[in-house]
Amino acid sequence: MSAPKSITPRRAVAMAVGLGVAFGLAGGALWSWRRAPARQGADAAALAFFALTLPDADGVQRPLKTWQGKLLIVNFWATWCTPCVEEMPELQRLADQSQARDVAVIGIGVDEADKVRAFRTQHGLRFPLLVAGFDGMGLAQRLGNTEAVLPYTALISPDGRLVEEHSGRIEAPQLRHWMAQYGSP
Amino acid sequence: MTQNPVRNAGRGDDLRTAIAAAAARWIAEEGCDYATAKRRAVREVLGDASGAGGAMPDNVLVESELRRYLRLFAADRQPAQLAALRRLALHWMRRLLEFDPHLVGAVLNGTATGHSGIHLNLYADSAKDVEIFLLNASQSFDVREAGPNAETTQEVLEFVVPAPRGSPIDGNVGVTLSVMDPVALRVAPSGRPKDPQLHPVERSGRATVSMLERLLAESGEPAGSAGRDD
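Protein chains in written order, with this note's numbering: chain C, 1 to 185; chain Z, 1 to 230.
Just chain Z, with the same shape it has in the complex (with noise of 0.2 Å):
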């Protein structure tokens, strides 16, 4: 914990971009989801939650403080994890590519870190293949009912694998398969990064084997391994 928004918060139209620092901080340093760091960065800003009101940053306001933190503060390792994050992606995506798997999240637009999990999408007609998939591969997964785009979400699993070895990542890390329709493919992917300094793969929202392995090549990180063939 290196900086204080605190300290910036009187300015006025500041306090959003104080919070959205904060917020960015605890996704950098604790893996914490947007919605969790927001609360926290609030409660950490204001000392209390329920006054925040206009003053809540969107995604897209933390996101580009997230991004300005690693930068400033995780540039010695960030970079590599991401790499790790993006090479593992990579191997589970060639893994299930009869499922047409879709990189998306932090891993996808860059500011994973190693706390991050890798999130796929799968389009299949049914989540039970993925599940056969995975237990005849003995993948051991947890399922959890979808979330906020339950209309084209059928499921979503999610499992733990162990970081490749010699990568600068620590401990396990977490895949979360969302299972959809394929009509899902024809909506377009929401939060998509706008910063035209981005690679396009980056921009992209969501992004096919072939587009990570144009990123990965194009981001001079080789794609061929990820550390562990399991």
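Chain C extracted, bound-state conformation (with noise of 0.2 Å):
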């Protein structure tokens, strides 16, 4: 895992103009801090979510449409992120328990691919981990993520519809419930 040394100043620069943007909205957010319900607008925000194209770990380019029609959870994540880390093993454990199912998990790395790379290999993730650098941030933002922190997970509908959102370490019973409730039987 990178150490903290690995933030070049370059990077902590435009992390800290993005950091600038991220205050007001997250003292706008302050009062629905915990989980606020799908927005008016949010099925249009999955809409262009879907219309984007990632590269994954490896640099192929992954059109992100390609799961659209099944339940998606989309976790916005980085390496240097410990509770992103933490909560990585029960995504991995929920795809694997859906494989079988029109249920998908993608990882979206706000984070460099090298890293993503090694993170998985270390792991033994087998998941999607999508890399977005630090315009990630933007990309979790438009998906709901008020807060503008990380880990930030999403849980998309397979008609399109931001259905659930969760700042912070997401734990397998929340992951369990959302499955329980949205997903087929």
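Read the hints as simulated data drawn from the structure, not as lab findings. Every residue, glycine too, gets a C-beta built ideally from N, C-alpha and C. Some clues are possibly wrong.
[Unchecked claim] Among chain Z residues calculated to face chain C with C-beta under 8 Å, some are:
#, residue
1, L97
2, N136
3, R186
4, V187
5, A188
6, S190
7, R192
Reconstruct the complex from the two isolated chains, following the hints.
Below is the structure:
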């Protein structure tokens, strides 16, 4: 895993600019802190999301529409984010359990491809890990991450609605609850 | 020590709650950290720390029991102690404003007692800048390595300050500054309490100066002075 020293000054400046925006957003979002219900426009956000193409950790371009029509768990994460790292085994378990159903789990790394690749190997992760770099924070925000923090997990229904969202470390019971509520039997 | 969790420990699933209740008492009365309190509680309830196994409560349950304990046994003093600690925290946050201070821990979530220290996260490119600031302010401090969040925590600085004059806290108050990379603000705070009855700032996991001011104002506590102006 990358040490803090791997955060370059250039990246830090970019992050600092982003943080300014984030503070404004976070201030406004404080009172809907835990989990806002899907807002109006969420469907448009999901549509815009599926229109994108992102590289995976191996550099292969992956159109997000690949997963359109499934019950899709989108997890925004980074290798430098401790709670993100902690929840990865639970996401992998869910992905393993969901293979035969119309359920998919994808990770979007707010990170660099080589770090994501190394992490994937180190932890034996098999579900798709895409790489968005720091632009991933903007993508997460457009998908409802009003707190602008990681980890952030969104659930998109097969009919393209953003139905659930969770800021911070997600636990297995929460994922099971989502599956019970939205997954096909 | 006014409760006896052992009395309730025979009820199967209640064992975990009994351990959590005992841990809560150690935290409230002795100022133990959660890990130490849980170890002591297991010994107290089971007589042997090695046999806790699946009965070890998580921190969410311990915090829940701690809130219950404070309501039952410390309602006459804890709210005033908490308010004094929050005002003192605000005082230091204002002094450390250039390092983007955020209040975390028990003083924020409302479980602090007279034994509790103040925990601030500072977000700075270099921990040395914070050290220089403290040296210039003639504030002596100790330095220790970052703990479990070493990926984003550069350094931890600790010092003690006298409790504000006239406050309900005796002696000194510990102040812990975790100096973190600015990117750490992108990581969601851990262990955010979920109790909907808490003030949203108490549930936020980390609070800026303005958030703490709002919490104090909406809790009916004046935010203007820590009681000491050093």
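(request) Would you list, in rising numerical order, the hints stated earlier that this structure does not obey? (result) Structure breaks hints 1 and 2.
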